[in-house]
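J.: Please take these sequences and the hints and turn them into a complete structure.
Each residue of the sequence shown is one higher than the last, beginning at 1 in the UniProt record's numbering.
Worth flagging that the hints you see were computed from the coordinates, not collected in a lab.
Where a beta carbon is used, it is the ideal one built from N, C-alpha and C, also for glycine.
Don't take each hint at face value.
Calculated lysine-lysine pairs in the DSSO-like style (CA-CA distance at most 27 angstroms, straight line) [said to hold, decoys possible]:
1. K93 - K105
2. K111 - K91
3. K132 - K111
4. K142 - K152
5. K21 - K7
6. K93 - K118
7. K118 - K106
8. K60 - K81
9. K81 - K104
10. K105 - K132
11. K101 - K91
12. K132 - K104
13. K24 - K7
14. K81 - K91
15. K101 - K128
16. K21 - K39
17. K7 - K36
18. K106 - K128
19. K65 - K91
20. K172 - K128
21. K93 - K111
22. K91 - K104
23. K132 - K142
24. K132 - K118
25. K24 - K36
Quick list of the computed label-pair ranges, beta carbon to beta carbon [unchecked claim]:
26. R8 - A155: 42 to 48 angstroms
27. D58 - T116: 36 to 42 angstroms
28. H27 - D80: 36 to 42 angstroms
29. D57 - Y135: 46 to 52 angstroms
30. S171 - A97: 54 to 60 angstroms
31. T28 - A121: 47 to 53 angstroms
32. S170 - D58: 41 to 47 angstroms
33. K105 - G13: 31 to 37 angstroms
34. Y66 - K105: 52 to 58 angstroms
35. N77 - A34: 47 to 53 angstroms
36. D57 - S171: 38 to 44 angstroms
37. R50 - K24: 20 to 26 angstroms
38. K104 - E51: 55 to 61 angstroms
39. R115 - A155: 21 to 27 angstroms
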Amino acid sequence: MEIINRKRAIELGLTIYFTGKPCKNGHTCERFVANKTCKECLRLLSANRRENTQFIDDHKVYMDKYNRENRESILQNRRDKLSHDEEYRQKEKSRQASWAKENKKKALEIKARYRTSKANAPTIEGNKQLTKQFYLDCPRDKTVDHIIPISKGGAHDIGNLQYLSPSQNSSKKDGQNIAINGIYCISTWHILQSDNVF
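T.: The following block contains the structure:
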């Protein structure tokens with residue numbers, strides 16, 4: 001990491017900087033330009049607040065009071081943001097149109113790539129059929145397994161399925177697989193123990 005001071009970090013437009021000196025709590029790590037707080041201090045503060053139920057309750061009461069007392073200001077800020085977002089959308093639309101006029105060939109290439117990707121992508125119904133076929137094609141000595149478990153946010157579609165032996169599938173215990181050379185495996189232990197993971 002490059003050692004720079006806060007003033008130089010502001011000049012460079014950085015959001016974090018590293019002084020190489022310990023903070024008041026003894027942490028030697030990056031600091032935020034906005035408030036000079038070191039990352040480790042902020043991480044510890046956040047962890048303490050998450051665990052401190054009294055803080056959570058007090059903060060909820062404070063935020064409710066703040067929202068009631070500053071209702072008009074909050075609503076005005078939201079209106080301003082919506083207005084700004086709409087202005088930005090209009091400017092961006094015209095900017096993109098002028099860019100496309102100046103770069104016709106590149107714009108046509110981008111549109112063609114987009115159309116091709118949409119045309120080649122399976123429809124929802126097609127994805128359901130592929131998933132169903134994956135289950136039907138499952139070898140007798142294997143089971144269908146979700147690479148990223150559904151309970152961990154994985155999707156129930158063809159891109160998240162693999163064949164595993166029943167023992168491998170049960171040993172996974174709702175864990176996430178890792179990819180090695182583009183092949184998903186339960187763990188390196190299974191790779192070392194078995195030549196035939198799939």
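J.: Could you run down the list of hints and mark each one as holding or not?
T.: Taking the hints in turn, this is what the structure says about them:
1. K93 - K105: holds, 19 angstroms
2. K111 - K91: With a Cα-Cα distance of about 21 angstroms, the restraint between K111 and K91 holds, given a limit of 27 angstroms.
3. K132 - K111: Violated, because 32 angstroms separates the two Cα atoms, which is more than 27 angstroms.
4. K142 - K152: Answer holds: K142 to K152 is near 22 angstroms, not above 27 angstroms.
5. K21 - K7: This hinted pair holds, its Cα atoms lying about 15 angstroms apart.
6. K93 - K118: Roughly 22 angstroms separates the two Cα atoms, so the pair holds.
7. K118 - K106: holds, 18 angstroms
8. K60 - K81: Holds: K60 and K81 sit about 25 angstroms apart, inside 27 angstroms.
9. K81 - K104: violated, 33 angstroms
10. K105 - K132: Between K105 and K132 the Cα gap is close to 41 angstroms, so the pair fails against 27 angstroms, i.e. violated.
11. K101 - K91: holds, 15 angstroms
12. K132 - K104: violated, 43 angstroms
13. K24 - K7: It holds: about 19 angstroms lies between the C-alpha atoms, which stays within 27 angstroms.
14. K81 - K91: holds, 15 angstroms
15. K101 - K128: Between K101 and K128 the Cα gap is close to 40 angstroms, so the pair fails against 27 angstroms, i.e. violated.
16. K21 - K39: Satisfied, since the Cα-Cα distance of roughly 13 angstroms is no more than 27 angstroms.
17. K7 - K36: At roughly 11 angstroms apart (the allowed maximum being 27 angstroms), K36 and K7 satisfy the hint.
18. K106 - K128: violated, 35 angstroms
19. K65 - K91: violated, 38 angstroms
20. K172 - K128: This hinted pair holds, its Cα atoms lying about 25 angstroms apart.
21. K93 - K111: Holds, at roughly 16 angstroms.
22. K91 - K104: Holds. K91 to K104 sits at ~20 angstroms (cutoff 27 angstroms).
23. K132 - K142: holds, 16 angstroms
24. K132 - K118: holds, 22 angstroms
25. K24 - K36: Measuring from Cα to Cα gives roughly 11 angstroms; hence the hint holds.
26. R8 - A155: 42 to 48 angstroms: 46 angstroms Cβ-Cβ, so the 42 to 48 angstroms window holds.
27. D58 - T116: 36 to 42 angstroms: violated, 55 angstroms
28. H27 - D80: 36 to 42 angstroms: Taking Cβ atoms as reference, H27 and D80 lie about 38 angstroms apart, which means the hint holds.
29. D57 - Y135: 46 to 52 angstroms: For Y135 against D57, whose Cβ atoms are near 48 angstroms apart, the range 46 to 52 angstroms holds.
30. S171 - A97: 54 to 60 angstroms: 56 angstroms Cβ-Cβ, so the 54 to 60 angstroms window holds.
31. T28 - A121: 47 to 53 angstroms: Given a distance of about 49 angstroms, which is inside 47 to 53 angstroms, the answer is holds.
32. S170 - D58: 41 to 47 angstroms: holds, 46 angstroms
33. K105 - G13: 31 to 37 angstroms: This hint holds: roughly 34 angstroms between Cβ atoms.
34. Y66 - K105: 52 to 58 angstroms: holds, 54 angstroms
35. N77 - A34: 47 to 53 angstroms: With a Cβ separation near 19 angstroms, N77 and A34 fall outside 47 to 53 angstroms, so the hint is violated.
36. D57 - S171: 38 to 44 angstroms: Since the Cβ atoms of D57 and S171 sit about 42 angstroms apart, the hinted range of 38 to 44 angstroms holds.
37. R50 - K24: 20 to 26 angstroms: Hint holds: Cβ distance 22 angstroms, inside 20 to 26 angstroms.
38. K104 - E51: 55 to 61 angstroms: holds, 58 angstroms
39. R115 - A155: 21 to 27 angstroms: holds, 25 angstroms
Of the numbered hints given earlier, the model fails hints 3, 9, 10, 12, 15, 18, 19, 27 and 35; all others are met.
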